[in-house]
Structure formats: C-alpha cells, structure tokens
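What follows is the residue order along each chain.
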Amino acid sequence: MRTQLAGCLVSLLVFAAAAPAAGQQADSAALVTRLGDDTLAVERWIRTPTGIEAEVALRAPRTSYARYRLFTTAGGVLMGWEGSVWGGAGQGEPQATERATLEGDTLVLVRTREGRTTTARIAAGPDVLPFIDMVHWPFELMLMRAHASGREEVTQPLVSGTRTAPFVLRRTGPDGISVTHPTRGTMTTRVDGQGRLRSLDAGQTTRALIVSREPWLDVRAIATRFAAGDAAGRSFGELSGRGGGEFDLYQGTITLDYGTPQKRGRDIWGALVPFGRVWRTGANQATHLTTTEDLLFGDLLVPAGAYTLYSIPEATGGVLIINRQTGQNGQVYNADRDLGRVPFRTAPLPEPVESFTIRAEDRGDGPALRLLWDRTEYYVPIRQAADVQLASFDLAWETVNRTHFDTTFNGVNWAALRDSLRPRAAGAPRDTIRALLQSMLNRLGQSHFSVLPEDMLQARRSGGGMATIGVTVRLVGDAVTVTEVAPGAPADRAGVRPGWIVTAVDTVRLAPLVEQARARPGRYAEAVRVALVAQALLSGDPDSQVLVRFRDADDREVHHHFVRVAPTGQPVNFGDFPTFFAEFHGQRLDGPPSVVVLGFNNWMIPLMRQLDSTVVAAQPVDGVVIDLRGNTGGMAAMVMGVAGHFTERRDTLGLFRTRRQSLAYAANPRLTTPTGERIRPYAGPVAILVDELSGSASEVFAGGMQALGRVRVFGKTTMGAVLPAQWQKLPNGDVLYHAIADFITADGKVLEGVGVVPDQPVPLTRADLLAGRDPVLDAAIQWIAARRSGTSQEGTR
Amino acid sequence: MTRIVSRLLAATAGLALVTTLAPAQALPTAEQVRARYIEALGGEKAIRAQTGRHVLAMVEVPAQGIAAPIEIWSSPPNKVYTVTNIPGMGELTSGFDGETAWTNNPATGPLVLDGRALNQMKQQADFHGVLHPEKYVTSAEVTGEAKWEGKDCWVVKVKTTWDEEYTEYYDKATNLLHGMARSQESPMGPLEATTLFTEYKAFEGVLAATVVTVKVMGMEQIVRTEQIDVGVVPDSIFALPAAIKALKKP
Chain A
1 MRTQLAGCLV
11 SLLVFAAAAP
21 AAGQQADSAA
31 LVTRLGDDTL
41 AVERWIRTPT
51 GIEAEVALRA
61 PRTSYARYRL
71 FTTAGGVLMG
81 WEGSVWGGAG
91 QGEPQATERA
101 TLEGDTLVLV
111 RTREGRTTTA
121 RIAAGPDVLP
131 FIDMVHWPFE
141 LMLMRAHASG
151 REEVTQPLVS
161 GTRTAPFVLR
171 RTGPDGISVT
181 HPTRGTMTTR
191 VDGQGRLRSL
201 DAGQTTRALI
211 VSREPWLDVR
221 AIATRFAAGD
231 AAGRSFGELS
241 GRGGGEFDLY
251 QGTITLDYGT
261 PQKRGRDIWG
271 ALVPFGRVWR
281 TGANQATHLT
291 TTEDLLFGDL
301 LVPAGAYTLY
311 SIPEATGGVL
321 IINRQTGQNG
331 QVYNADRDLG
341 RVPFRTAPLP
351 EPVESFTIRA
361 EDRGDGPALR
371 LLWDRTEYYV
381 PIRQAADVQL
391 ASFDLAWETV
401 NRTHFDTTFN
411 GVNWAALRDS
421 LRPRAAGAPR
431 DTIRALLQSM
441 LNRLGQSHFS
451 VLPEDMLQAR
461 RSGGGMATIG
471 VTVRLVGDAV
481 TVTEVAPGAP
491 ADRAGVRPGW
501 IVTAVDTVRL
511 APLVEQARAR
521 PGRYAEAVRV
531 ALVAQALLSG
541 DPDSQVLVRF
551 RDADDREVHH
561 HFVRVAPTGQ
571 PVNFGDFPTF
581 FAEFHGQRLD
591 GPPSVVVLGF
601 NNWMIPLMRQ
611 LDSTVVAAQP
621 VDGVVIDLRG
631 NTGGMAAMVM
641 GVAGHFTERR
651 DTLGLFRTRR
661 QSLAYAANPR
671 LTTPTGERIR
681 PYAGPVAILV
691 DELSGSASEV
701 FAGGMQALGR
711 VRVFGKTTMG
721 AVLPAQWQKL
731 PNGDVLYHAI
741 ADFITADGKV
751 LEGVGVVPDQ
761 PVPLTRADLL
771 AGRDPVLDAA
781 IQWIAARRSG
791 TSQEGTR
Chain B
1001 MTRIVSRLLA
1011 ATAGLALVTT
1021 LAPAQALPTA
1031 EQVRARYIEA
1041 LGGEKAIRAQ
1051 TGRHVLAMVE
1061 VPAQGIAAPI
1071 EIWSSPPNKV
1081 YTVTNIPGMG
1091 ELTSGFDGET
1101 AWTNNPATGP
1111 LVLDGRALNQ
1121 MKQQADFHGV
1131 LHPEKYVTSA
1141 EVTGEAKWEG
1151 KDCWVVKVKT
1161 TWDEEYTEYY
1171 DKATNLLHGM
1181 ARSQESPMGP
1191 LEATTLFTEY
1201 KAFEGVLAAT
1211 VVTVKVMGME
1221 QIVRTEQIDV
1231 GVVPDSIFAL
1241 PAAIKALKKP
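In the order they appear, the protein sequences are chains A and B. Residue numbers are given in our numbering: position 215 of the first sequence equals residue 215, and the series is strictly consecutive. So the number in our numbering is just where the residue sits in the second sequence, counting from 1, plus 1000.
Excised from the complex, chain A in its bound form (with noise of 0.2 angstroms):
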C-alpha cells in the first residue's frame, strides 16, 4: 500500500510539472515512461545539425540524473556520443561518465565509474546507437531510420555494455512500427509522419512499460522532486526486485526464490500476464524452489531437489509447471524439462496485494504453494511424500475398480481386497507400495496389469535392461536354448550358434529354473516362463557384463565373458509407455516359390512406413509370411492398417469389449500409396508365423486374421496375453499397466490365457537349430509352395 501512494504522489508531480514551458523547441522532444501508475523516467532532447543533446531523470531504483550528447558530422554520420550519469538531481561529480567515439569500423569505448577506467573496442559502423536501459530518445533516431528507408523491416545494432545487439524494426500501419528487442520480446511504437516517436507500448516484454510523448518538461526539477521523494522514503526501488525464504513444512523445508513485480495500479490476471500462456512467474531470474523432502504438489510428486516453477494461469485455475531446470533466466523455458504440470486452484484475496508473492505455509485448510498479487491468489497443495505412496496405492486401486471391462473382477473380490491391503500401504515406502500393488494386480489373474517402476521407465529411455549380447532363447526340450544369434552381435563374434544350450547366466543355473517352472504351474505356460526369465538374465544396461555358460554343438561346456551392447532398433517413446526400440526386417526368396518374410519386434507406429513400402512391393509374389515370432505387442491400433493391406473388406478382426462399449479391431482396406497411387491388398496368400512370446497385438492380429480364414498360422500357440490396456502415471511416478477390455475374435474366441493356436503346430527341436533350419518358415513357405501348385486351399477365404 505504501509503495503504491508513493507511486501515485509521483505521478501527480510529473503532470504537474508537465505542463507547457516556455523556451520548448521545435526540433526537440520529451518523452514519459511509466510502470503501471509509477512514473519511471523523464527525458528531454534537442535535435541540431551536428547531434542530440539529451537529459534524463531515471527513478529506479533511486534517482538519477543523466545528460547525454551524440556527435554527427553536419552530413548526419556518428561520430560518438557521450554520458554523465549523476545519483539525485545531479549536484558535483558524475558517478558514471561514458565516451564513445567511432574511429573507423571500430567503437572505442571509454567508460569511467567510482574513479576507475575502463576501454573496450567493437566492431561497428555508424548506423550504430547507444541502448540506454529504460531511455527512449535513441528509439526515436532508430524509428526515424526506419521510417525513413521505407522498408517493410530493418534491423538497427545498439551498442549495449562491449556489444552491439540487433533490433529488429518492422512497419506494422501506416503509423506503426514494432521494436522487437533481441531478448526481451516486441513493443509496439506509434510514429508520426516523420517516423518521430508518439508512443510506445512494451506491455508484451518484460519490462511492460509505456512511454508517451508529452510537452516540454523540465527534467532537471523533476529530478530535484524525485531525489526528494527518495530522501523521503519514496524510491521507485527495483522494477522487480527479490523476494523468497524458507519455510517449514512437514519434516523438511522449502526455499524460495523469485523476483518480485509489482501490480504499480495494472490489472494483473488476464491482463499484466494474460491467460493461457506460459509466465515466468515472476520477474527477471527464474522463480526457484528447493525442498529438503519429497513432496507432493497437487498429485505431482516431487522429490527433494532443486526445480524452477512456471505457470499459464487461468480465469478458473490453469496450471502450474515444475521444471527440473534451475539457474536460468525466467524468460527460458524448456517444456521438455519439465517434472510435470499441477493444475491450480484460486481464491479471491480481501485486498490486492502489491507486490507479487510466493509462500509455501498453511492457509487455513492444509500447507498448500501460494502465488499472491492482485485481488486472486492461485494455489497447489502440499503434502507429505508418505502420502504420495498411499495416494498411488489409492489411485491404482481405483483405477481398476473404474475400467476393468469385467464388474466381476474375474471372480475376485476387488474391494475387500483394497481392504485388506491399505493398512499395510499406510506409511509405507515405495518399493513395498510397488509390491502390495503387484500382488493386488496378480490377483486377477489377467495379463496386462502391471506397475512399471519409474526408475525402470527412464533407465529403459537410454537402453537400460534392455542391452543385449545378441541372442534369443526358448524353451526346446528340456533345455533353454539359443534359436537365433543376431549378426556381428557379441554372441555371434565370440562363435555363438543356435542350437547351443544355456546352461548358466553369471551364478544362475537354468536347469533348476525349468524344473521350478514345470513344479509350478503359473498363468502362463511354462515355456513362457522359462524363455521371458532367461531372456531378461540375459540382459542388462549398456557395456555390463556377464558371464555365460553354453553347451556347443558338440554338448562341450563352454563359456564366454561378454560386454553387453545397446539393443539396436529405432527408440519410441510414446508418453510415459516404456520405451520401445523396434527393428523391422523384411527379404524376398526367390523361390519358387517367391516368398516376401517380413517381421517385426513390437508393433510400433513408426515401423509402419517400411512396412507398409514392403508389402507394396510384395504384390507379384506367390506368398507373404509375417513372422510374429517373439513379438510381444505393441500399439494395437496398428493391426487395423497392417490387416488392411491384405483384404479388400473391412472385416472385424474382433472386438475390444470394455465395461461399457464395444468397439471393433476393422481392417482398414489399403487402396492407395501415400502418393495417391492406386494399388489393392495382396490377395495371396499369407502365413504367420508365432511362438510362445507372441503377445498381445501380435495375438490380435493372428487370432484375427485366422478367425477370418484370411491367413494359415504356423508355431508354437501363442502366450494368452491378448487384453487392450491402458497406462496411468502414478502420483510416485511409477505407472499403473493396467487392462481396459477383452478381446473376441470375429469368430467369438476368446484369446486371454488360450492363446493363438496354430492351424499348423510346428515344433522346434534342436537337431534342426544345430543344422541352421527355421522348420517353421520352412512349412510356411511349402505351403505357399502347394497353393502355388494348386495343391492345397487351406487359409484361403
């Protein structure tokens, strides 16, 4: 209240004293520059034929008086110019002195300030103007410039501190220009017919000040009034000066650190900081919070640590950013830094507050973050990271109980369940919160419900666990055995082949793993079991080692140290879904018969050009097999456009039944390239070929395109985990995996822990891995043999 009366006594000196004087000249000027309803600055120049002299008096953040000289040849080229800079109204010695002087292409610069001196030489020429930090008079040569060239946009370099900076001056009407300068965003300027400076509006940057041309002013007696107003303690201050502390919270404490602008008699929310649109939230550097614990913002939980705080107010709330960026300007944000985004709650506030003000303390109904000016406070609560683990417990829980398709809970009893299991999620940490709620999910007995640990989620984005030394395993006999050794893969370098048995992965043996597998009977079959537990020991983050036992062809016991390598294939990253790398492979045999085998890890989007492009170029061959072979899903949507490219009809693959809709898995016919070229689904026909690690989406497609007669399906029956889901971030950041429908075929089979199964069972044994065949490609690709021939119809719709 106080800063505000003071500001607005200043202002009634500034109109008092800005009434016409005598001895105004015609080529002379006087320019306003307010904040809000605070005068900031007064200035003056006269025009000659060799320069500008100039004189202003600059409130912030105590008064100064300043008289400014720039030098022209009688032609009108720079010279230089020079400054004196005195505190108050200009009585004895300048504090500050500066000369400038253009000798060539080169701005010498003498700067003297508290008696020490000071030179820099820059690059220049002589369009070049001084930038004096809230002082116009140089706007309005610059504008004149512009004005003058008759160009649509120039750009004029100001000398500021040793360098010069471009501002980019662009007609914007016939009596506008707008002045965008390089940092601090675009004003808008209203110029006479000579280009003169009238107005300018800088509501849009930064600093948002106006600046109006007014009449004669004595400058020199307004500063006199403004040094006496600052002996009187009423100085402007900082534009936006600093405001912050600590403030205890729970067992820890948060520490702010923000600039503080001020409402100066604006209109704030929607106005000052419009709607919608990402503010600094603050002034000048960029707002800092640091807390000592985890916490939780709103449902965001945020550990201990060190973030910068943006937001985009609204009328009703809006939102507010932490961004796990720190020690930058509040003007650069970088959205992909972010921690994540808390929506806001407002209230009104009894009286506006004048200065803008951030507290973290309790208001009255629970410790909540604070963001005060105006006549409206926005808000986020706080609470304990203890709580974060119960809330996460609590939002997975309800999460199920709200989506899954089936109201029975597959016979479980889903709320005397969250009974049992709540006391125990209470106070506790993370890793138990994962394990009560991995045991909730188990319960159902269903695929595709899962917590995905947050650690896990992000090492995944760089590669970890996901590294390699280029094998593939499956269950064949007795044994956990090598099908496939990638190319120039570690395993391939140091002679692996499939075939070879693995008997151990660092200290783990794997006999004793089948043997359990086999005791135990699980949800999935124990092949399953057995090939997903070898793969991920196989496993691990980028150049880790491990040490593998192997029985080669000949049944001797070898073993090879490798260092494993980063899985090759395109990254997806698909929100806050686990990072997926996806390969996709295709080749045409020749045969007879001629044969396309295309195949892919994941069914991620981004494959879907090459694969597309294959298919395409697959139309004279006598057969197309997929081999689905290890693919464990993926996006389903995608199934559509796959099963497009080989039926001319939509069919129904089959139907995705939530609780309360169905919705259909449609071919979607693909009769054109991306080109507009005319083209229609192969028509031959098509095996897919799967195994006991085809899941999910690759169990859509099969299950569905079988269920249609469109394809003959070759392997092993497939893993039964064929349920549509959904993921939900959890407040402890980790994700709720979690399952939304069931899926039917279009010929009424249910596929969830069934499985596809094959209209061709083919086994694998280890005699034809040692003899390098693929007997189950070689039975796809005699039966495209016989249809070629004429000798079978099977598959054929």
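To be clear, the hints were calculated from the coordinates, so they are not data collected in a lab. A hint or two may mislead.
The calculated label-pair distances, taken between Cβ atoms and stated as ranges, are [as the list claims (entries may be wrong)]:
#, chain 1, residue 1, chain 2, residue 2, range
1, A, Arg184, B, Pro1250, 58 to 64 angstroms
2, B, Glu1044, A, Gly252, 56 to 62 angstroms
3, A, Gln587, B, Gly1150, 45 to 51 angstroms
4, B, Arg1116, A, Ala566, 28 to 34 angstroms
5, A, Arg151, B, Asp1152, 55 to 61 angstroms
6, B, Arg1116, A, Gly364, 38 to 44 angstroms
7, A, Pro381, B, Thr1138, 43 to 49 angstroms
8, B, Met1058, A, Arg509, 30 to 36 angstroms
9, B, Ala1049, A, Ala566, 54 to 60 angstroms
Since the structure is predicted, the reported quantities are computational estimates derived from the model, not experimental observations. Beta carbons: idealized from backbone N, C-alpha and C, even for Gly.
Put chain B on the given structure of chain A with help from the hints.
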C-alpha cells in the same frame, strides 16, 4: 473454436437447437437457449463476420504423459483441416472439404468417412452451424436443469436428422455451452464421450472455449488453445491429400 477443438478429440458440439415440443413450465425453450448462447458468443453479426480461423493448440493426455501440438484450419461454409504430430506415433490428419470427410494416420492408413461419421463431420465442420441448426437437427428440447460438471445447466436433448441423440449442457449463468455427452464415431465404432468447454475467450469479437476436456474410455484428453488467428484461410489448405483423392477414384 468450441466446435473445432472438440471435434478433434471425440465428441463435439452440435450447436443445433430447434423447438418442436412445448417446453415445461418455467423452462426456457431450446430456441431461447440457443439464442442466448449466440448472444453470449458475441452475437450473430460477429459470428458471421468471421471468415476463417487458424488455431494453434496442445493436446494432452496427462495421465499418460502425452502432449502434442495440434493445428486446425477452418473456413465457411464447412471446411476444416487438422494436423497433430504425436511423438512416437507420427502425424495424424483429418479434414472435410465440403464434400469428403477423411482421416489419415500412420497406424491405420487413409480412410474416407461415410455414414454417421460423415454426418457428424458435416455438422461439426459447419463454420456457422450455430446459426442454422435445422440443417442437422430435427428436434431439441430443454428437459430440465441440472448441476453438471460444477455448473448449473440447462439440459437440452438433441435429435439429429440421422436419428442420433445426444445431450448438451448450457451454463445458466453465462448462457455458454458448458459441455455435452455424445457418442462420437471413430474407426473402431462409436465412442461414448463427455466433453467439457471452459476458459472461453474472445477472438475478434466471438468467444471460443480455449480449454476443451474430453473424457473417453476412462481417460481425460485436454486441448489447450494457445493462439487463434481469425481471417481468410486459403482454400488450398483444405485440398484433399493425394491418398484420399485416390480412394475416391472408382
């Protein structure tokens, strides 16, 4: 804007209301609700004065960590084109050029819409649709008032010329459309969706909801408008992509 953004997600605003049934006592007629809505938006004159729009927005699925930019162009009488670029998925486009409604995404390929999906697109692409609801709606009735998504609303039941029924909710305090419950057509079939329109702001004299929230299949999708430029949109924007043109060939 309200209609344009909502169309991108699932349900959308059929802004059409005509009166065919006598209203209950003390309830406004659907025609009155519509008239107040038009006035609240800025009035018929301001609505007709707009010759096109270009919208920049972000679409978010907060629970899944998905955020993607979206751009929408629209023009009278009924043209629209949208493009969204979702990380990990690619570019999704859709449009209506006054005759052909279409979508194209890398997962499923190009598709020309027909049946109910085409009818919905026609209605939702109608730039001045709020002013001539009779083109799409056979009846609209204010059935009562209700507290809906935090606001006291007039409840309006709408029936379309293709026998679709849906419900609109108009904020009694502001007269603005607060939301709707509608079954929106998709390539997988109809999706039950609830759409909420908030943060109305004026653009060249006409209000538009700058935050549109769609609740569908247990998830919340939010479109936050960052910028709307009002003005003529070149017709070339709405030209059918080559793949869609080819689909139309006999």
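Status of the hints after comparison with the structure:
The hinted range of 58 to 64 angstroms is satisfied by Arg184 (chain A) and Pro1250 (chain B), whose Cβ atoms lie roughly 59 angstroms apart. At about 58 angstroms, the beta-carbon gap between Glu1044 (chain B) and Gly252 (chain A) stays in the expected band of 56 to 62 angstroms. Judged by the Cβ atoms, the range 45 to 51 angstroms given for Gln587 (chain A) and Gly1150 (chain B) is violated: they are separated by roughly 59 angstroms. At about 48 angstroms, the beta-carbon gap between Arg1116 (chain B) and Ala566 (chain A) misses the expected band of 28 to 34 angstroms.
Take Arg151 (chain A) and Asp1152 (chain B): their Cβ atoms lie about 57 angstroms apart, and the range 55 to 61 angstroms holds. For the hinted restraint 38 to 44 angstroms between Arg1116 (chain B) and Gly364 (chain A), the CB-CB distance of approximately 52 angstroms leaves it violated. Separation of Pro381 (chain A) from Thr1138 (chain B) is about 48 angstroms and conforms to the stated range, judged on CB atoms against 43 to 49 angstroms. Checked against the hint of 30 to 36 angstroms, the pair Met1058 (chain B) and Arg509 (chain A) fails, with Cβ atoms roughly 53 angstroms apart.
Taking the beta carbon of each, Ala1049 (chain B) and Ala566 (chain A) are about 58 angstroms apart, inside 54 to 60 angstroms as hinted.
Violated hints for the displayed structure, listed by number in ascending order: 3, 4, 6, 8.
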